[in-house]
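Number of protein chains: 2
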Amino acid sequence: MSRNCLVAQSGGPTAAINSSLAGVISQALKSDAVHTVYGAKNGIQGVLNDNLVALNDIFAKEEQIERLKNTPSMYLGSCRYKLTDYKKDTSDYDKICEILDKYDIGYFFYIGGNDSMDTVAKLSAYTRDKGLDVKVIGIPKTIDNDLYCIDHTPGFGSAAKYIAASVLEMAHDTYIYAIDTVLIVEIMGRNAGWLTAASSLARTSYSDAPHLIYLPERAFDKKDFVQRVKELLKEKHHVIVAVSEGIKDEDGNYISAQGGKVDKFGHVMLSGTGKVLESIVAEEVGCKVRSVELNVLQRAASHIASETDIEESFCLGANGVRLAMEEKTGVMSTLNRVSDEPYKVVYGEADIEKIANYEKKIPDEWINEDGTDVKEPMERYLRPLIQGESKVAFVNGIPSYMFLR
Amino acid sequence: MSRNCLVAQSGGPTAAINSSLAGVISQALKSDAVHTVYGAKNGIQGVLNDNLVALNDIFAKEEQIERLKNTPSMYLGSCRYKLTDYKKDTSDYDKICEILDKYDIGYFFYIGGNDSMDTVAKLSAYTRDKGLDVKVIGIPKTIDNDLYCIDHTPGFGSAAKYIAASVLEMAHDTYIYAIDTVLIVEIMGRNAGWLTAASSLARTSYSDAPHLIYLPERAFDKKDFVQRVKELLKEKHHVIVAVSEGIKDEDGNYISAQGGKVDKFGHVMLSGTGKVLESIVAEEVGCKVRSVELNVLQRAASHIASETDIEESFCLGANGVRLAMEEKTGVMSTLNRVSDEPYKVVYGEADIEKIANYEKKIPDEWINEDGTDVKEPMERYLRPLIQGESKVAFVNGIPSYMFLR
Chain A
1 MSRNCLVAQS GGPTAAINSS LAGVISQALK SDAVHTVYGA KNGIQGVLND NLVALNDIFA
61 KEEQIERLKN TPSMYLGSCR YKLTDYKKDT SDYDKICEIL DKYDIGYFFY IGGNDSMDTV
121 AKLSAYTRDK GLDVKVIGIP KTIDNDLYCI DHTPGFGSAA KYIAASVLEM AHDTYIYAID
181 TVLIVEIMGR NAGWLTAASS LARTSYSDAP HLIYLPERAF DKKDFVQRVK ELLKEKHHVI
241 VAVSEGIKDE DGNYISAQGG KVDKFGHVML SGTGKVLESI VAEEVGCKVR SVELNVLQRA
301 ASHIASETDI EESFCLGANG VRLAMEEKTG VMSTLNRVSD EPYKVVYGEA DIEKIANYEK
361 KIPDEWINED GTDVKEPMER YLRPLIQGES KVAFVNGIPS YMFLR
Chain B
1 MSRNCLVAQS GGPTAAINSS LAGVISQALK SDAVHTVYGA KNGIQGVLND NLVALNDIFA
61 KEEQIERLKN TPSMYLGSCR YKLTDYKKDT SDYDKICEIL DKYDIGYFFY IGGNDSMDTV
121 AKLSAYTRDK GLDVKVIGIP KTIDNDLYCI DHTPGFGSAA KYIAASVLEM AHDTYIYAID
181 TVLIVEIMGR NAGWLTAASS LARTSYSDAP HLIYLPERAF DKKDFVQRVK ELLKEKHHVI
241 VAVSEGIKDE DGNYISAQGG KVDKFGHVML SGTGKVLESI VAEEVGCKVR SVELNVLQRA
301 ASHIASETDI EESFCLGANG VRLAMEEKTG VMSTLNRVSD EPYKVVYGEA DIEKIANYEK
361 KIPDEWINED GTDVKEPMER YLRPLIQGES KVAFVNGIPS YMFLR
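So the sequence lines, in the order shown, correspond to chains A and B. Note that our numbering numbers the first sequence so that position 125 is 125, with each residue one more than the last. Note that our numbering numbers the second sequence so that position 144 is 144, with each residue one more than the last.
Only chain A is shown next, with the shape it has when bound in the complex (with noise of 0.2 Å):
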């Protein structure tokens, strides 16, 4: 007897989640145990409030299913929403469940990252102890790449690709002038240093750009910033910087926090990590200096996508369709490597418990002893992930990208 199923997406975005999406969906539909595939718009939230959408006919067609693909952010939306302990309170729960009743729902499907897999376990474990039959599957995404349990997380790659690809443009962009100039490249990452890691990946036979490295794993000291960009400038025009937002000075402050003004209002002005550097910059060394902070954009460009990363992220979402239908539930779909050359990687599943609400950060003997750069085995580990260019077809001179309405 077929049943329904659900998916649905939540946290940041990435230019890989909608891959997962599109594996979920063109598994589910292939599925004799699946009727009717369910999406839930924004996350849990969607669930909550009885906000599900029919996808069958939608994704009747396999071109959709490659449009969906190569879509960045959300196709559903997204939340943040944390359950509460249903120890403690079970309405969330009671609500939840009731929607699944009504649908009919014997597969649920969540995509994203720490916080996402936070709901699965919770989920997971209350239907478990109800005795419902629901089976609860996490697919991972993170462009922070900060999950355990997975040798990287999807939408990485493809943030990884934009940083380097971006990296290089601008360090073409700033060899042109025959003066000192410095430019302050400022990249997601809280807490860890993947992303900012990944701007080592634009280093070619003729550009060495990043000259510097800094990650949230160590401790920011100005003055021997300072020292550094000075030495680096006797030797070289361009000294370039790759810096991630979240560094932190010794006494565990937010470099970012310290350029804060305030305003007439007394608001804190906002000041990114970059702004302060470049600050830092024109007082102490006096040369030219620019900042760049690379936004929303290193998770949100589909146009640079990395195939390798795209192609993953769907294989992880039917993965988890194939663990729903074996009987598993309150697991996330992984992959592992097996090969670096050739490059190769397995699928599998890994217990939720592990993996919500920790974060994996870069190894200590990833980053040189200076903490201003990362060292060899960080490019074998990076460099296969961002390989291959991403399909986006173009229409009318843009990328043509869905949309739920």
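Keep in mind that the hints were calculated from the coordinates and are not lab data. Please read all numbers here as calculations on a predicted model, not as lab measurements. Each hint should be verified, as a subset may be incorrect.
Since the list gives no way to pick out one identical chain from another, each pair is judged satisfied if it fits inside one copy or across any two copies.
Simulated crosslink set (DSS-like; lysine-lysine; CA at most 27 Å straight-line) [claimed, not checked]:
| hint | residue 1 | residue 2 |
| --- | --- | --- |
| 1 | 95 | 375 |
| 2 | 82 | 288 |
| 3 | 236 | 288 |
| 4 | 102 | 328 |
| 5 | 288 | 248 |
Given chain A, put chain B in place with the hints provided.
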């Protein structure tokens, strides 16, 4: 009797200026009238410093021409150097002519924007006055699209395509949460709003972003802006604003300067127009707000260059060589549009005196009455310029560009 030619690049980078260089080199290499093609490093300063490099061997293979076409920024480096009035001081001119004579240069091609055309105007006038047999030709470039005597400038189309695609991708990124959100996108353009107007190309059947477009051609009214954002938020959760860096208030003061706070040393803190509008929304509307400065990526992102722009830029370079062979001097290579549909241009020439030091702004009738959007003729004008995609090759997951050591 064949002579040698010299080419140089000047001003700010674009994704297409190397394509014009490729056009000059390719056409000159084919010409019996040219023996050696020299490039001067760092523009006219490279001529003054006798820093020339022979390019024939590097570009003997067609594939190198193709790589150069798709490489961002300036292969030969750049400078910002204004020649003096030769009626007052001939020292720069004497030095330049000494170098031109030393290398037997019969043709000098200078690729650049407004300021570079000033160099072409002065140098061609000088050589003409002196009766020197050197043809001096200007090849246009500027992302700003603010040159006269040309339908649109090389480099503009690629920047416009990057802006349109990025605004669409950021719109997808913004739409996912069901809460009121304002996104401010700051786009280059101190005096002319062409690049900001190109954000209108991001609109699709499902996305009407940007919802407000602010151009330097009209005074910016803060109160009216706040009112409009509030009104738009009543209709929809998400308001996306495209703004030129160079907008001013009705007294002619830059809006960007108004956010300038002073640090402990008395220096004005760097603050962009987008950040100022972000602060205004945070204070006066109070909803979630983010600002993104597209920064140098809008001029350097060759990976999403417009094929139309790259091909036209190449043809403008080649056309410049043809003009020199026809014994023209003191002219700029131009293109004029003869039809929108099908889009068609023809190449020609314009007297350099009509171009240097003028800025072409958006026609008043292409801006709506409120000064918050562009009107229909703008899309007809812009849309052909972003057609076709870059042919950049990727190696090791990143774009493969050329670099002169």
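Tested hints:
| no. | hint | verdict |
| --- | --- | --- |
| 1 | 95 / 375 | neither (50 Å within a copy, 49 Å between copies) |
| 2 | 82 / 288 | between (45 Å within a copy, 19 Å between copies) |
| 3 | 236 / 288 | within (14 Å within a copy, 42 Å between copies) |
| 4 | 102 / 328 | within (22 Å within a copy, 80 Å between copies) |
| 5 | 288 / 248 | both (25 Å within a copy, 25 Å between copies) |
The structure does not agree with numbered hint 1 stated previously, though it agrees with all others.
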